[in-house]
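Asker: Single-letter residue listing:
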Amino acid sequence: MKKLLKINNRKIIIYSFLVVMMLMIQCGLELNGVDIPDHGVAGEAITFVMHCGIQPRIQSGNYTTKLVIGFLAPKSWHAAENTMVSFNSPIGSSPMSVIPASQLEPNTNLPWPQACMQVLGAGGNLVPSGMEWVVFQSRDAYTIVNNEDFNFDVTINSKCGPNNMLFKLGFYYGDSKESLSGDANYTKTFFSGCFSVINGKGNIIDYCHPQLSTVSPVSSLDNDIITLGFNNGIDTTVLSNTNNIYLCAKAFTDNGDSISVCEQTDRTRLTAIGGKQYRIDLWPRGFFNVPDDEKITRLEYFFTDASGTMKVGNNNTDQPFQYIFSCQ
Amino acid sequence: MLMSGNNKLNKVLLITCLLIGGLYACKKQPTIPFREPLKDITGSWEIIKLTRNGEDLTSRIDLSKFRLVFNKDSTYSFEGKFPFIVSQPGTYSLDNPQFPFYISFTTKDKTIRDTLNFIYPIVNGQRQISLNISPGCSTNTYNYVFKKVE
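Protein sequences, first through last, are from chains A and B. In terms of the working numbering, the first sequence opens at residue 1 and continues consecutively. In terms of the working numbering, the second sequence opens at residue 1001 and continues consecutively.
This is chain A alone, in the form it adopts within the complex:
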């Protein structure tokens, strides 16, 4: 009899725990959409509005937490310096602050931008290294009252970067108590389709569609180590039937000189990395042997076969790919 009671007690405890867990699971955040303009204009302000909601089903005590908002934007936007975030809710309205680097995300023990990149990803952008999360938190903590559901808006005012671009924006809505725990009820994200920035400088930097050639890091100077990538699988090119691919490049310096390296040797040969993709890593100052008193401002380049006669350029034409050295 005693044993039976013991088993029943244990069952009651387990069932109660499961019921509490189920009720707690119902408690959560909602991201009901984000208003995104059709496009941005380079160097001009732009506003996004996140429509958020909360349905608190708290079983024990109060739930006091800070609102956390993340915004995925190109690095060239310098969003941490150029973005204002505020929220307007029934329990308070206030501007929000960028989470300082010293305040680590508690689940990953990383600074919040890196934690978001690790947990939430880069939203399908093909050059993740060109994007960054900027994460904001409310200045005060707020106590959420059980069963008092409400909706509210978060307004993100940012400034588009200087370049013509095509990329996917990202938005994260969470709270400081759960942070990036991985619980889907407390981690809400929204990633846009391809968003364009127009009237900027240079060729369109496209993170949405696979490119014949990419340069990594996206922002770099001639004293960085850069990686030129060639994707020989996205289009039929004159190099489609060869694995021996070489770089033919010309560097333009700040005093008007140009230095050409167009040879088919080991130092210009691209390495195959699988899937018809190739890359070459180089230190531009060393590769072009630039004099100490000059700086490379831009590159023009092609990819060639072993003879140097077959060339692939920008958009699969005979025009060169271009890269401008800049930290923007």
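Hints are computed from structural coordinates only; laboratory data are not their basis. Some hints here could point you the wrong way.
Taking lysine to aspartate or glutamate pairs in the DMTMM-like style, the calculated list, with each CA pair at most 20 Å apart, reads [what the hints assert, rightly or not]:
id: 1; chain 1: B; residue 1: Lys1081; chain 2: A; residue 2: Glu44
id: 2; chain 1: A; residue 1: Lys250; chain 2: A; residue 2: Asp292
id: 3; chain 1: B; residue 1: Lys1081; chain 2: A; residue 2: Asp266
id: 4; chain 1: A; residue 1: Lys168; chain 2: A; residue 2: Glu178
id: 5; chain 1: A; residue 1: Lys159; chain 2: A; residue 2: Asp292
id: 6; chain 1: B; residue 1: Lys1081; chain 2: A; residue 2: Asp281
Fit chain B to the supplied structure of chain A, relying on the hints for placement.
Answerer: Quick look at chain B alone, frame taken from chain A:
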């Protein structure tokens, strides 16, 4: 009975010996003060690991021709060329020769002075120098791990 008396005597002797031994063991030994040695980084150092924004480039780029040389007279120089925070030779200094946290490089013409965090771990019994530098855009961080050339 006699045996029992001997046993008692033996026990007393044993305890006495242990007490004397114990007292002797408690005697204060002269202490030798420990001094952290000065960190001597003079010599020629080669890069054995290189990452860019966390991406490992070690096997992708030729690091074999570059050496960073620290001389006894507090000057540094380079063998070969590679991106670094300074490109010209000059002088170097550690903020604290016993417990260094920073290393500074000043070019000979004193136009460029840069200070880096200095990490000096022992790995597999050998000292390494680990430096985080941004020779190009400040958004790009490179970690160079050096090992002394034998």
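Asker: Starting from the hint list further up, note which numbers the structure goes against and sort them upward.
Answerer: 1, 4 and 5
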